[in-house]
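If you count the sequence shown from 1, position 55 lands on 55 in my numbering, and the numbers rise without skipping.
Warning: the hint list may mix true and false statements.
[Claimed, not checked] Below, a list of computed lysine-lysine pairs in the DSSO-like style, where the Cα atoms sit at most 27 Å apart:
{"id": "1", "residue 1": "K137", "residue 2": "K40"}
{"id": "2", "residue 1": "K55", "residue 2": "K6"}
{"id": "3", "residue 1": "K38", "residue 2": "K111"}
{"id": "4", "residue 1": "K137", "residue 2": "K111"}
{"id": "5", "residue 1": "K41", "residue 2": "K137"}
{"id": "6", "residue 1": "K55", "residue 2": "K40"}
{"id": "7", "residue 1": "K40", "residue 2": "K111"}
{"id": "8", "residue 1": "K55", "residue 2": "K41"}
{"id": "9", "residue 1": "K111", "residue 2": "K6"}
Honestly, the hints are just simulated from the structure, not real lab data.
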Amino acid sequence: MADKIKDIQSRLMNNLHGSDELAAAASYIPLVGWLVGKAKKEDDFCQFHSDQSFKLNLVIVALYLIIWFLEHFPLTSFLFGEGAILNELTGGILIVSIILFLVISAFAAFKALSEERWEVPYLHDTLQYIRDEITGKSHKKNKQSGRKSDADDE
């Protein structure tokens with residue numbers, strides 16, 4: 001046990017003297033932590049964790065805004081608004097997603113402290129798919145490869 005404590009102390013002292021695992025782990029502080037990693041532009045490890053933290057924060061903020069829109073927009077508020085049929089569903093989704101966000105952030109911060117480049121599963125692929133759908137790049141890829149897409153049927 002004493003060896004583990006000494007190991008942790010020596011790693012913390014190394015972090016204070018130039019190593020960037022602590023800054024990479026601080027990137028996972030909800031909503032603003034990614035700015036810490038962006039400040040260390042010369043360190044690729046911090047940039048990796050900062051980018052991943054930004055994407056994770058982007059997902060939780062987008063989900064919150066979608067749920068807020070459903071609950072407050074006049075055309076959908078009768079289903080999702082306060083006292084409506086599906087209000088408990090959107091509230092439950094939001095609570096579960098925030099808990100999952102905090103657990104993933106804590107685990108990723110632990111991996112950053114352990115000097116690992118751990119990628120959040122499906123995060124990059126999902127955001128890339130959404131970006132391609134918004135910009136229409138997925139349809140161009142299908143046309144170039146000779147496959148027929150849904151847009152070709154119209």
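Hint numbers contradicted by this structure = 1, 2, 4, 5
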